[in-house]
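If you're matching them up, the sequences are chains W, Z, R and H in order.
Residue 202 in this note's numbering sits at position 202 of the first sequence, with consecutive numbering throughout.
Residue 1233 in this note's numbering sits at position 233 of the second sequence, with consecutive numbering throughout.
Residue 2225 in this note's numbering sits at position 225 of the third sequence, with consecutive numbering throughout.
Residue 3043 in this note's numbering sits at position 43 of the fourth sequence, with consecutive numbering throughout.
Among the clues, some could well be false.
Said to hold, decoys possible - Output of the computed footprint for chain Z on chain H, the stretches with three or more beta carbons under 8 Å from beta carbons of chain Z:
hint : stretch
1    : 3047 to 3059
2    : 3281 to 3293
Unchecked claim - Straight-line distance between alpha carbons at most 25 Å, and here's what the computed DMTMM-like set of lysine to aspartate or glutamate pairs gives:
hint : chain 1 : residue 1 : chain 2 : residue 2
3    : R       : Lys2072   : Z       : Asp1017
4    : W       : Lys143    : W       : Glu123
5    : R       : Lys2278   : Z       : Asp1252
6    : Z       : Lys1072   : R       : Glu2277
7    : W       : Lys291    : Z       : Asp1252
8    : W       : Lys72     : W       : Asp47
9    : R       : Lys2228   : R       : Asp2252
10   : Z       : Lys1151   : W       : Asp193
11   : W       : Lys66     : W       : Glu81
12   : Z       : Lys1037   : Z       : Asp1047
13   : W       : Lys291    : R       : Glu2290
14   : Z       : Lys1037   : Z       : Asp1017
15   : R       : Lys2066   : R       : Asp2212
16   : Z       : Lys1291   : H       : Glu3024
17   : R       : Lys2291   : W       : Asp229
18   : W       : Lys143    : W       : Asp193
19   : Z       : Lys1278   : Z       : Glu1290
20   : Z       : Lys1072   : R       : Asp2047
21   : R       : Lys2291   : W       : Glu290
22   : H       : Lys3278   : H       : Asp3252
23   : Z       : Lys1066   : R       : Glu2024
24   : R       : Lys2072   : Z       : Asp1067
25   : Z       : Lys1072   : R       : Asp2067
26   : W       : Lys278    : W       : Asp252
27   : Z       : Lys1291   : H       : Asp3229
28   : Z       : Lys1143   : Z       : Glu1123
Source of the hints: derived by calculation from the structure; they are not laboratory data.
Glycine included, every Cβ here is placed at the ideal spot set by N, Cα and C.
For reference, the chains in residue letters:
4 protein chains.
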Amino acid sequence: MANNLYTKSNYSLVIYDINKSSLEKFTSLHSATISQKPIYYANSPADVAKRASVVITMLPSSPHVKDVYLGKDGLIEGLDEQNFFIDSSTIDQSVSKNVANQIIGNGARQVDAPVSGGVVGAEAATLTFMVGASTEADFLRSKPYLEYMGKNIVRCGGLGTGQVAKICNNMLLAISMIGVSEAMNLGIQLGIDPQLMANILNTSSGRCWSSDTYNPCPGIMPNVPSSKDYEGGFGNALIAKDMRLAVNAANDIQATIILGAVAQQIYNVLSKSPGYEKKDFSSIYKWLNEKNGKK
Amino acid sequence: MANNLYTKSNYSLVIYDINKSSLEKFTSLHSATISQKPIYYANSPADVAKRASVVITMLPSSPHVKDVYLGKDGLIEGLDEQNFFIDSSTIDQSVSKNVANQIIGNGARQVDAPVSGGVVGAEAATLTFMVGASTEADFLRSKPYLEYMGKNIVRCGGLGTGQVAKICNNMLLAISMIGVSEAMNLGIQLGIDPQLMANILNTSSGRCWSSDTYNPCPGIMPNVPSSKDYEGGFGNALIAKDMRLAVNAANDIQATIILGAVAQQIYNVLSKSPGYEKKDFSSIYKWLNEKNGKK
Amino acid sequence: MANNLYTKSNYSLVIYDINKSSLEKFTSLHSATISQKPIYYANSPADVAKRASVVITMLPSSPHVKDVYLGKDGLIEGLDEQNFFIDSSTIDQSVSKNVANQIIGNGARQVDAPVSGGVVGAEAATLTFMVGASTEADFLRSKPYLEYMGKNIVRCGGLGTGQVAKICNNMLLAISMIGVSEAMNLGIQLGIDPQLMANILNTSSGRCWSSDTYNPCPGIMPNVPSSKDYEGGFGNALIAKDMRLAVNAANDIQATIILGAVAQQIYNVLSKSPGYEKKDFSSIYKWLNEKNGKK
Amino acid sequence: MANNLYTKSNYSLVIYDINKSSLEKFTSLHSATISQKPIYYANSPADVAKRASVVITMLPSSPHVKDVYLGKDGLIEGLDEQNFFIDSSTIDQSVSKNVANQIIGNGARQVDAPVSGGVVGAEAATLTFMVGASTEADFLRSKPYLEYMGKNIVRCGGLGTGQVAKICNNMLLAISMIGVSEAMNLGIQLGIDPQLMANILNTSSGRCWSSDTYNPCPGIMPNVPSSKDYEGGFGNALIAKDMRLAVNAANDIQATIILGAVAQQIYNVLSKSPGYEKKDFSSIYKWLNEKNGKK
Chain W
1 MANNLYTKSN YSLVIYDINK SSLEKFTSLH SATISQKPIY YANSPADVAK
51 RASVVITMLP SSPHVKDVYL GKDGLIEGLD EQNFFIDSST IDQSVSKNVA
101 NQIIGNGARQ VDAPVSGGVV GAEAATLTFM VGASTEADFL RSKPYLEYMG
151 KNIVRCGGLG TGQVAKICNN MLLAISMIGV SEAMNLGIQL GIDPQLMANI
201 LNTSSGRCWS SDTYNPCPGI MPNVPSSKDY EGGFGNALIA KDMRLAVNAA
251 NDIQATIILG AVAQQIYNVL SKSPGYEKKD FSSIYKWLNE KNGKK
Chain Z
1001 MANNLYTKSN YSLVIYDINK SSLEKFTSLH SATISQKPIY YANSPADVAK
1051 RASVVITMLP SSPHVKDVYL GKDGLIEGLD EQNFFIDSST IDQSVSKNVA
1101 NQIIGNGARQ VDAPVSGGVV GAEAATLTFM VGASTEADFL RSKPYLEYMG
1151 KNIVRCGGLG TGQVAKICNN MLLAISMIGV SEAMNLGIQL GIDPQLMANI
1201 LNTSSGRCWS SDTYNPCPGI MPNVPSSKDY EGGFGNALIA KDMRLAVNAA
1251 NDIQATIILG AVAQQIYNVL SKSPGYEKKD FSSIYKWLNE KNGKK
Chain R
2001 MANNLYTKSN YSLVIYDINK SSLEKFTSLH SATISQKPIY YANSPADVAK
2051 RASVVITMLP SSPHVKDVYL GKDGLIEGLD EQNFFIDSST IDQSVSKNVA
2101 NQIIGNGARQ VDAPVSGGVV GAEAATLTFM VGASTEADFL RSKPYLEYMG
2151 KNIVRCGGLG TGQVAKICNN MLLAISMIGV SEAMNLGIQL GIDPQLMANI
2201 LNTSSGRCWS SDTYNPCPGI MPNVPSSKDY EGGFGNALIA KDMRLAVNAA
2251 NDIQATIILG AVAQQIYNVL SKSPGYEKKD FSSIYKWLNE KNGKK
Chain H
3001 MANNLYTKSN YSLVIYDINK SSLEKFTSLH SATISQKPIY YANSPADVAK
3051 RASVVITMLP SSPHVKDVYL GKDGLIEGLD EQNFFIDSST IDQSVSKNVA
3101 NQIIGNGARQ VDAPVSGGVV GAEAATLTFM VGASTEADFL RSKPYLEYMG
3151 KNIVRCGGLG TGQVAKICNN MLLAISMIGV SEAMNLGIQL GIDPQLMANI
3201 LNTSSGRCWS SDTYNPCPGI MPNVPSSKDY EGGFGNALIA KDMRLAVNAA
3251 NDIQATIILG AVAQQIYNVL SKSPGYEKKD FSSIYKWLNE KNGKK
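Same shape as in the complex, but just chain W:
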């Protein structure tokens, strides 16, 4: 994402990571252009906020976001009214909303803009950004920056709704993928040819992205993870994390998500099963398949 932003825009960058070697790796990649478009190292999040007006963050979890935005030496300590923050982390919608409200309360502006599309989309700048913004102006302000990195930039509503959109979609995705895997496995075990089974689903009311674009049964589609021993793609640990966020969000408002809750447990199991920790989330098919047979 940073590569695309730097390469395709005219902006200089101020970068920060707790792992300094990431910064150096990034800089050395761009040594040819660095004299025209400088890349600066910041000392802390606060330092980033002081030196850059637009700040984009991408962090692994809710506590990290709270820490980087609101903690000691956090962005909040360096901000002024010029600052605009775009948080692309996928985190709890309640935390996302809360942090943004505090930043806004301190005079700057912020949107949440979680992303989908995976490593491939990040490299090809074809990501989808789902943006939660308290005003249309904030959304429009975020758009040009996000367009360097992605293809679809959608406003989902007020603060936190970017998170909501992402986890709702991914909850449905997890449910569909498990559903397709159960249906394909059952049909094949009962004597239907795998390719025919996929065709039947794809031309009937069972049709879904997980069956027609990302089929989990090896050999149905050539370029998806299931045909490459479930390497690459969207890992079980990542979807397990998104499912936890979905369950948290539902519990915050006491909404009922029965299949969502079961799917969360299934991906929690899968993400900790030997041989599955690092596999694509369509490997649920393989897991089910290994449990076939009257024994």
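Starting from the known structure of chain W, fit chains Z, R and H onto it as the hints suggest.
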């Protein structure tokens, strides 16, 4: 289905139903043409088999099929080598296979050809028939008859695979519909506009037939049951029945269907909940929606 | 069971098994007494019915029972009005009722009497028999025979209710065992001492047989399978079978069993997971425990 | 709880509630003794901490506890090294631990001591307190106060383990109660007498507190909520809340609780179903029972 078969073909019909008024209603509908193309009443299934070479059956459950085919005065008592049976009932795949094998063992031929497409599809002759046939010849023999009543006639494999295809698709359908309902409800409760929520799913990896063709949230799509108070469509009791067949089939071979098993229970509950017994299966959205709100 | 019946009663036995070496093994065990109390080999189930008035059967599944009772050379071919049949198999309650009704329709009497208590209970004659009998007289007639093999002989109601009682109890048992395992594992992972965690449950409203008599966490109780690497006891494949019977029974009458359905799937998975196929059903604790830890 | 503490001890009380009428109601109850043992009203939590050395809190949820302990005018603003805090709220174990660590970091001492036993236990002083204490000394310091209000005072381990013990027990309780209800309902629908069904479970491996002490089927036991139209007892909304805490705790450490997750959803549904919001949690039996019958 019988209307289309009679009207569009050159065949005379021999008809039988335990409810004689159904026969009379059918005959009176066709009083204009009955002199050129007679409609005969049979006295029993056995009598049908004696008087018609091709026999099409459509029955509500496994015990009915066993009874009509193999019971006293059943088809088996009237058959000879000329008979060809097409069973369009949706029943247990093991029973379907078993009955067909006994009929074939007695010298006639049989295929299973369950149907999807609902009442609307039956009237418009746009049904899909999923055919299980022990030989390609049997499939080809069934095809012209089924084409009077449907649009897609697919061979799914050997005997019983028509049943398998149908219940696997419908199991995935049930799972998807519940998943879409949970995702739409959660997103809307957390502040996303319903139409936008549907758009996000439909352009993302959560996309499926239940979201883009049959959305369960009222007002998203004009001509689906959710926009007509869940009237018409595919009733909760019918999908609950198909889910029981799916669970039976999985248990016959000890296949694992975790979300399928939970979805079966959900539709069992829905089909017995006051106000939901006769509603379309997308009414799961309404059921979830009524349980929102911190209380 | 046959050992206890032969040793403790005055009866001679007529025995039959499709595996002839079982018969020989049984006879050689009792060579000392065989001259006073003969043991005869029968040629078929029908032969057993002809030569013995009271017949006790113990078979692995519904199709076996149908075959042995109603099939070619089955018990039904050898019976007369003197015959009394006690079926101790654990099978589908609908099949059990059906077979018994046919036997009774042919003039003999029958009860279902499935058993719980395991291999240990069988050897020690401490089994529980749950008897379904169409009359109290039938129950009383079965009782003295069952008392040679078990300790508690309970009439549960009409035909098939022995099966019902057993599967309802075992369904609850499966649910409780998974529940105890989830609660113990969660508590221990969150810092509570295992023995203390068990004590808390056992003196609170979570108390159950699975926590206070058969605790699934190794080291809590000395003589249960969990403390012997889950060897012995009640195997995952057996409880998975009983859970299938419970789901079948519920689906026959369209009763709702949500946790029962999920528990069935869990034991289906466990009975096919490498290293768990032959372990005691309390090994669900180990399975959960192996999936702990943030990864 | 406050009544027992005041009546049975020699202590004066300093009391605070945001609802002033609760305070007046309490005082008027004790007007006879108030001259010997004064009851003082505090103006805020901070004021309580200044005027009382031992402070007992009982609050409905995690945000309330954070607010009362750490917020403006909170306990933290009035504390000194003499203060000892006992929090009997049932809240997130992570929040409980966190708040206590901040209090301890400010020089006072704190334990968590959630309670079980219901309104009846509170009145009769037969409650169980599950205490999480960072030292044995803290536990021993809490004990005499808790003994005025309860019967069993158990140390569960370090800070937060009182919460852990309570939610693990209640998660198992919820699972068992649903399991008993499913088993009882299935057995009765299949022809077993209700009392007999309960007896079978209670003398078999399905035995649990929910079957032998609090049976959910009306008429089995005289003095439990199920025999009083599910009035009184432990409400569906309360167990739904405890189940959310259990799911939160499991997700914090990524532990797997499959039946726990489903049970949480079931009680979320029940707590929002018309007619069930205020009923005892054993009313899950009634809910299942209303969904019986082939329709």
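Out of the numbered hints, which ones does the structure contradict? Going through the list in order, the structure violates hints 1, 3, 6, 9, 15, 16, 18, 20, 22, 23, 26 and respects the others.
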